[in-house]
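Undergrad: Listed below are the residues making up each chain.
There are 2 protein chains.
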Amino acid sequence: MLKIKLSAFAVVVGSMLLNAQTLSSPNGEFKMEFSLKNGSPYYNLKYKGETVVEDSRLGLRLLKDGDIQFASELERKDQQGQDLLEGFVKTKEEFSSKNEKWDPVLGEKKTYVNHYNELAVTLNQTANERHIIVKFRLFNDGLGFRYEFPEQKNLNYFVIQEEDSEIDLPWDAKAWWLTGDYDSQEYQTQTTNISEIPQRWPSSYDGNASQTTIKNAVQSPLMLKKEGKQPLYINLAEAAVVNYAASNLEVDATTYKFKTHLTPDGQGAKGYIQTPAVSPWRTIIVSDKAEEVLDSKMLFNLNEPTHYKDTSYIKPTKYMGVWWEMIIGKSQWAYSTAKNVHIGKTDFSSLTPNGNHAANNTKVKEYIDFASAHGFDALLIEGWNAGWEDWFGHSKEFVFDFITPYPDFDIEMLNQYAHQKGIRLMMHHETSGSATNYERWADKAFQLMNKYGYPSVKTGYVGNIIPRGEHHYSQWTINHYLRIAEKAHEYKIMVNSHESVRPSGQSRTYPNWIAAEAARGTEFEAFGGNNPDHQTILPFTRFMGGPMDYTPGIFQTKLDYYFPGDKRFVKTTLAKQLALYVVMYSPLQMAADLPENYQRHLDAFQFIKDVAADWDDTVILSAEPGDYIHTARKAKGKDEWFVGGITDENARRFTVDFSFLPKGKKYEATVYQDGKDADYISNPQSYHIFKKTVSSKSKISIDLARSGGYAISLKPLK
Amino acid sequence: MLKIKLSAFAVVVGSMLLNAQTLSSPNGEFKMEFSLKNGSPYYNLKYKGETVVEDSRLGLRLLKDGDIQFASELERKDQQGQDLLEGFVKTKEEFSSKNEKWDPVLGEKKTYVNHYNELAVTLNQTANERHIIVKFRLFNDGLGFRYEFPEQKNLNYFVIQEEDSEIDLPWDAKAWWLTGDYDSQEYQTQTTNISEIPQRWPSSYDGNASQTTIKNAVQSPLMLKKEGKQPLYINLAEAAVVNYAASNLEVDATTYKFKTHLTPDGQGAKGYIQTPAVSPWRTIIVSDKAEEVLDSKMLFNLNEPTHYKDTSYIKPTKYMGVWWEMIIGKSQWAYSTAKNVHIGKTDFSSLTPNGNHAANNTKVKEYIDFASAHGFDALLIEGWNAGWEDWFGHSKEFVFDFITPYPDFDIEMLNQYAHQKGIRLMMHHETSGSATNYERWADKAFQLMNKYGYPSVKTGYVGNIIPRGEHHYSQWTINHYLRIAEKAHEYKIMVNSHESVRPSGQSRTYPNWIAAEAARGTEFEAFGGNNPDHQTILPFTRFMGGPMDYTPGIFQTKLDYYFPGDKRFVKTTLAKQLALYVVMYSPLQMAADLPENYQRHLDAFQFIKDVAADWDDTVILSAEPGDYIHTARKAKGKDEWFVGGITDENARRFTVDFSFLPKGKKYEATVYQDGKDADYISNPQSYHIFKKTVSSKSKISIDLARSGGYAISLKPLK
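From first to last, the protein sequence lines are chains E and B. First residue of the first sequence? That's 1 in full-length UniProt numbering, and the numbers climb one at a time after it. First residue of the second sequence? That's 1 in full-length UniProt numbering, and the numbers climb one at a time after it.
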């Protein structure tokens, strides 16, 4: 008897020693198993006993260091021995844990919890006498893993041909995905099974100012759902994309396998690495509750704490803008009728005004009056600076200097006027993708901002990147965005980047990079429209790594109001627009419409004026990707709560359960909901506002129109 | 009778009106004829009645503006209608003349004469309703022509696919040529007939840190010679390469035709143009005297006058350097044994010194002592700054910060020490080709130079350019060099650029860009050797557009002096090294060898100490490309003359005729010549010095050893 038991024990121990390691999450619900098979590293993931990721391979293919010439020479030549794919033996594993709390400068909660068990496996590639580390962190919401490349004799510099990190699902799943692309995320989300992705892929995208699609690939964050009686929600993303290219995901639609696909530079190389270095974290969030996916802070937890000393200048910002009227075509960014201007040479005051330049002194003052009267922090003005006449489509490197106002924009007077009225102006730096030019002018541009008291800047990268050949998500460009964020910090400036890479939780490290667009925002309602379910998906995808400047708040959703016969319209009800301020987290929130439209609906506008943008707490009441999201949040440092709920193309009824409120207190809820006859196509502006006293025991049943929503502000009753 | 004459007259007038225009040079020796054939522009050139350039076509092919995506999309798609090649009618021609004198800040003569007749032909491409101008300037030394693109409704932005300017010779000719390349000119000159170029091409080049060869193309300036009883010397080059790519020349070896071949960017586009714009000038210098080619100032004359207000800081500079000892391998640029350093992070003082770092306090002071004792203006120190451990071959963008000295280089102390001794230090900014990084640090780097009193900087571009994909001669990189020159001017700094584009006369516009290497210099004597005729060719090629920092003056030509058994040697006699200071014009001249070698030959060193670097006058006594050059020059502002003569692999006798001296004055000539038994291989250090009183009536017969030379300094006798 003893003998058999000993043998059984020996077998168990033996298999443990056979290059397999298991890591558990703090609550034990996740188990990650690492193994080497034929010298190649693999991992798998189980959630509550079920395999959610089958054995998936890890590794990277490399190009020859120092020998990159030009694209024609980038084919692999006998590279097998040089890749970081196989020939590994495990020489060390190190377990550790962390359970910390940290307070984001701005966030959805006052405090985030970073609790994980970690396994760091050192792999030695014996043939090349070099080693790497694969580090796994298993949280109660899922797995993150990355590669680490320690400085060592035989690994100092290398060039990545491709990273080959796989995520192999055991089954088909519903996927909410964007066309894989090196330059743009501004596509409509496609909802198909993984197996249907290749079929749908060719029709999955429309045109964009800068785009480079990758056949049969999709972007991340990627939302997935295993359907059935016990659904599982899975999110694939990356965290801490720093000094590395951003990744898309190649799709094998028959094996339900995803693989990293990095963004190349102009020569096809996918990363220039000097050790010591680390890759971004590849993240796999899993839950049987969709709400828990939205609640996950994994991507932020995986970023480094900030090294910034002073973050006092980083504040939540609610703003309006001289912007939407240009987007819809009512006015222009450009000042003159010229088609060809030379910054620093052209005398703009001698040009013929086009008579439709929005950013002029008179109009800006009107916007300032309105925004200040309604308590906004800032006013964005686009088109304030010389160069918009030929800013796009010519790969013009010296396209703006970011310091020369147009003749009808008195930068000194307008800033003084705004400050007297208690409001700041928000700077606008459209780079046209000309990143080298922006870096050349950044110091002077930021000095101008300091001189006139601009606390924040919206940057833009419309068009192909210069250096020509680089992409919006190439390593070089990623580092450009970070250089700008760091330089802005020197000047105590907050940055909101449009058309940049989507965030990967780096606001923990660079808290002044407070938001980005980097997805299909409200402006596309005027460019082709956003699907009614668009906003019920984005929080599960784009928002996982950080806030989005979605610029909601359009009250005049139908554009034939301006242009008779115009068929364009924002595909939501007005009440849904209010809900977006709660459902779509950003510390930077725009009331995007024209003042006149708010003026006509001051009662509804009150919600936007009241809603906070920085939070002590967030509770996802109920959510299903592509269908609906209902969220409650508590304003930071105040006893005020806000609730928002939205639906897709289906009307829904939802019961708001106020049990998230502190017990024993009463609040006055002001409810803004779709009117009984509201319809996003035929009657979007029908809404109903009422007040009600509530407590944690209350419930309110609300009917949402199709592509409708509701918003509730809660103030304590004395 | 009258009728016939009238008809004849009408015919003459008629043919003149038939789209043919003739331009003559001021002295009438050249005639250029412009014509349109089937709507395409052509020109030809006659010299003293002989056709030297047959009808040659002009024009450009364009890519679609604004649609450049990536290399795969750059094939021409139905471009024919969009090119600037045909479909032209002439709408205007304008004749003008100029005869001006201008004084270069630093030059071979105090005053240059710019005398030409000009024809500007306006060509309208009727199908596209746009026009261009082809401008011809005919000098007494040849032709320059360029394209002008006026700002107009239908020509604002365009992208060049290729410029197709042809130079079609009527006969085969001897050519001194370099392998066509987008990144390097550091090749040995090949001497073959045009017809033999394709045959020789594959073996015409050796390896280089950054090179991209163009099959069957050659570089410019290109020197040619029609051989025979009445030889003709022809030089093809370009002037004023500004905001445009530099050009190589494609060769049709059967029709003896050359065509411009611009340098592409990483995507294959050859220029992004915004009107109004001009191309560089394509220059064709012709003479029946080789000496007149060397005397030509056409490339400078074709550049714009400078806009600089203060040029007082721009001075001739004779310098020594902590440099050659690293080139030959006696010491290192790097400080430590590390293979991998991080600028701004690595604590260099904690690294293990390699014990062979040249730029250390002790050694630098020794060099300062020597250079100052011998009256030099400046001392270059390479390897002074942190980052040399891994500076090359890794495409490392943040490779240097240009402001952090190594631990053993006390920048403050050494500058003070130098200044006390009456000498300045020369800064070194090796960029490693990482131009984006250099631009990021340029202000701080130049501020450091101002702080410590460095008047000049040697820059370097060893390795592939970053932005990756750009070439050393791409439009973007050309503009980078100009940005650096202009920024240096703000700081009153002179620039000497290595591995940059070869100059195209732009020292007229940017006089602080005083020299460049941009060809195979003295350092290559330690890398593979320079042919004995190398220096008899370069003045006819590389030097035509501006000075070269050739860094001559090696006295210890055989390197087995340092390393027993080392077979490397500088392939000239010592006396030839002295001659180079006169034969190869540069306002920046280095005595490149180690102090100890000058110390052992102080008598010969005296010539280097005496020779000027800035001139009132230059007389080319006698020259034949690839064979010999004999030059006399008068120091600026002094009654001192210097003569230098060099030969190729053949020994020669030359009679120096001093008729260039002012009449009626006596001078003491100190003659430094090859010893009777001097030989560049077996006895290079044999030289003979003697003094002689001379006047304008004197002649001295000198024997030059093979790859030998002589130098003469002339001071007035009281």
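Note that these hints are calculated values from the structure, not bench results. A quick note: this is a predicted structure, and the numbers were derived from the prediction, not measured. Where hints are given, some of them may not hold.
Lysine-lysine pairs mimicking BS3-like chemistry, simulated, CA-CA at most 30 Å apart [claimed, not checked]: (1) B/K46 <-> B/K259; (2) B/K345 <-> E/K64; (3) E/K153 <-> B/K259.
Not close to chain B: a few residues of chain E, all C-beta gaps over 10 Å, as computed [to be verified]: (4) V89; (5) S96; (6) V159; (7) P198; (8) A269; (9) D390; (10) P405; (11) Y491; (12) L621; (13) G626; (14) K638.
We treat Cβ as the ideally placed atom computed from N, Cα and C, and that holds for glycine.
Undergrad: Now, for every hint given, state plainly whether the structure supports it.
TA: Hint check:
| no. | hint | result |
| --- | --- | --- |
| 1 | B/K46 <-> B/K259 | 19 Å, holds |
| 2 | B/K345 <-> E/K64 | 26 Å, holds |
| 3 | E/K153 <-> B/K259 | 50 Å, violated |
| 4 | V89 | 24 Å, holds |
| 5 | S96 | 25 Å, holds |
| 6 | V159 | 7 Å, violated |
| 7 | P198 | 21 Å, holds |
| 8 | A269 | 7 Å, violated |
| 9 | D390 | 7 Å, violated |
| 10 | P405 | 22 Å, holds |
| 11 | Y491 | 16 Å, holds |
| 12 | L621 | 45 Å, holds |
| 13 | G626 | 32 Å, holds |
| 14 | K638 | 42 Å, holds |
Hint compliance for this structure: hints 3, 6, 8 and 9 are not met, and every other hint is.
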